[in-house]
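Visitor: Going down the list, the sequences are from chains A and B.
Heads up: the first sequence at position 110 corresponds to 110 in this note's numbering, and the numbers run straight through without jumps.
Heads up: the second sequence at position 111 corresponds to 111 in this note's numbering, and the numbers run straight through without jumps.
The list treats identical chains as interchangeable, and a pair is accepted whether it falls inside one copy or across any two copies.
List of simulated lysine-lysine pairs, BS3-like, C-alpha gap at most 25 angstroms:
| # | residue 1 | residue 2 |
| --- | --- | --- |
| 1 | Lys154 | Lys132 |
| 2 | Lys207 | Lys154 |
| 3 | Lys186 | Lys154 |
| 4 | Lys177 | Lys154 |
Bear in mind the hints are in silico, worked out from the structure with no lab data behind them.
Protein chains: 2
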Amino acid sequence: MAVETARDAYHHGDLRDALVKATDAILAERGLEGFTLRGAARRAHVSPAAPAHHFGSSAGLLTEVAILGFEELARHIEIEGSAESATARLKQQAAGYVRFALAYPGRFQLMFRYDLLLPDDARLAAASELAKVPIARTTQALLGRPEDAELDEKASVMMLAAWSTVHGFAHLALSGKFSKLTPEAKSQHLLDELLPAMLEVLWPEPKR
Amino acid sequence: MAVETARDAYHHGDLRDALVKATDAILAERGLEGFTLRGAARRAHVSPAAPAHHFGSSAGLLTEVAILGFEELARHIEIEGSAESATARLKQQAAGYVRFALAYPGRFQLMFRYDLLLPDDARLAAASELAKVPIARTTQALLGRPEDAELDEKASVMMLAAWSTVHGFAHLALSGKFSKLTPEAKSQHLLDELLPAMLEVLWPEPKR
DNA sequence: GCAAAATCTGTACAGTGTAAAGATTAGATG
DNA sequence: CATCTAATCTTTACACTGTACAGATTTTGC
Chain A
1 MAVETARDAY HHGDLRDALV KATDAILAER GLEGFTLRGA ARRAHVSPAA PAHHFGSSAG
61 LLTEVAILGF EELARHIEIE GSAESATARL KQQAAGYVRF ALAYPGRFQL MFRYDLLLPD
121 DARLAAASEL AKVPIARTTQ ALLGRPEDAE LDEKASVMML AAWSTVHGFA HLALSGKFSK
181 LTPEAKSQHL LDELLPAMLE VLWPEPKR
Chain B
1 MAVETARDAY HHGDLRDALV KATDAILAER GLEGFTLRGA ARRAHVSPAA PAHHFGSSAG
61 LLTEVAILGF EELARHIEIE GSAESATARL KQQAAGYVRF ALAYPGRFQL MFRYDLLLPD
121 DARLAAASEL AKVPIARTTQ ALLGRPEDAE LDEKASVMML AAWSTVHGFA HLALSGKFSK
181 LTPEAKSQHL LDELLPAMLE VLWPEPKR
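Could you put together the complete structure from these sequences and hints?
Guide: This is the structure in structure tokens:
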């Protein structure tokens with residue numbers, strides 16, 4: 001059956017999955033700029049042209065990894081415990097978003113590099129859309145509406161505001177644009193100090 | 001003297017500038033992913049290895065273009081007429097920021113792709129820093145402080161909030177993440193409708 | 001058991017960035 | 001003006017890249 005680890009056989013057994021994992025490992029170890037299709041093939045002990053059959057092109061493989069990225073991102077912004085307020089929940093989700101970006105910068109950058117991904121992949125679009133759902137629900141809560149209701153224009157704009165802020169913060173952090181503002185800034189400082197302070201400016205916690 | 005257009009001579013005359021302009025033109029025509037060092041050399045009618053002497057590497061040339069980008073960005077966020085309020089001024093600057101990103105996507109994306117730029121270039125850092133000055137001044141105005149004063153922590157955080165929001169918006173727009181939210185969304189719609197609406201959520205205009 | 005389909009290899013090609021060595025020109029010095 | 005030196009550009013070359021194409025190998029369906 002060759003279902004077990006048959007890496008030296010002519011047929012790999014589960015090359016598709018192995019290539020995705022190899023790519024993800026490369027992203028983690030050497031970042032997005034360290035990825036090459038041939039490198040991923042080497043890591044899976046397979047010829048340079050092998051990936052083509054499963055993914056068509058480099059973009060096909062990367063799209064698969066980006067899908068996993070959006071799913072992982074969704075997990076990071078789903079809040080576990082019940083938050084005290086809607087704004088508190090928003091902040092928890094924001095922290096999850098940034099935590100994901102800082103923990104998996106290669107994945108995160110890939111997910112927004114349309115030039116590396118298949119432009120019209122339905123599964124990628126769906127995964128991206130699914131990752132927004134938790135933010136959408138919190139937005140509705142902020143407006144005092146039922147969480148599973150459809151977003152009207154005001155809610156859409158509000159969600160866009162939250163998303164832009166957090167995404168911009170994450171992107172600037174990964175671009176190294178904060179090394180000047182806070183020379184010693186490491187991930188912990190960004191997550192524990194700077195991000196909450198910024199969010200408090202934009203979504204102040206209501207006095208009680 | 002060969003100061004005049006001597007493109008067919010052995011010595012170009014002003015190859016350094018010609019390569020920068022060629023690169024900028026490629027970014028405008030084919031985007032950042034359309035740039036190659038050899039392509040820029042071809043456009044300047046020069047051999048593939050010629051750029052190396054002036055810029056050392058591809059990153060050196062791109063860094064030069066990124067510096068021009070930050071200078072152009074600074075021009076876009078300097079407000080011309082006097083704004084009615086500090087928040088109104090912030091919104092004008094935000095619009096300038098996004099207008100720049102949408103008008104010159106190749107340049108804009110390059111400016112934040114640290115993997116393509118020289119990591120420790122002093123002039124690039126200075127240009128990037130200079131582009132923040134107008135936002136810093138508006139931040140001070142928002143807090144009712146003298147505009148040329150040093151930013152304390154609160155002001156820094158506030159500026160970071162504004163910057164993150166606008167940068168995230170621009171980045172998401174260029175990533176094509178708004179095509180779902182607003183299928184027909186073109187630059188005009190983003191600039192005239194969506195962006196002002198989002199900013200109004202975060203920085204509501206004070207009642208008068 | 002055997003044909004057909006799926007999977008992977010080997011080879012090849014055009015294109016990339018850039019290192020190294022040589023050709024050409026410009027500018028400074030006498 | 002002549003000549004030397006330094007700057008500038010070309011040529012060649014190399015190790016890569018993504019991927020197209022033809023063929024080898026294995027699995028699968030009948």
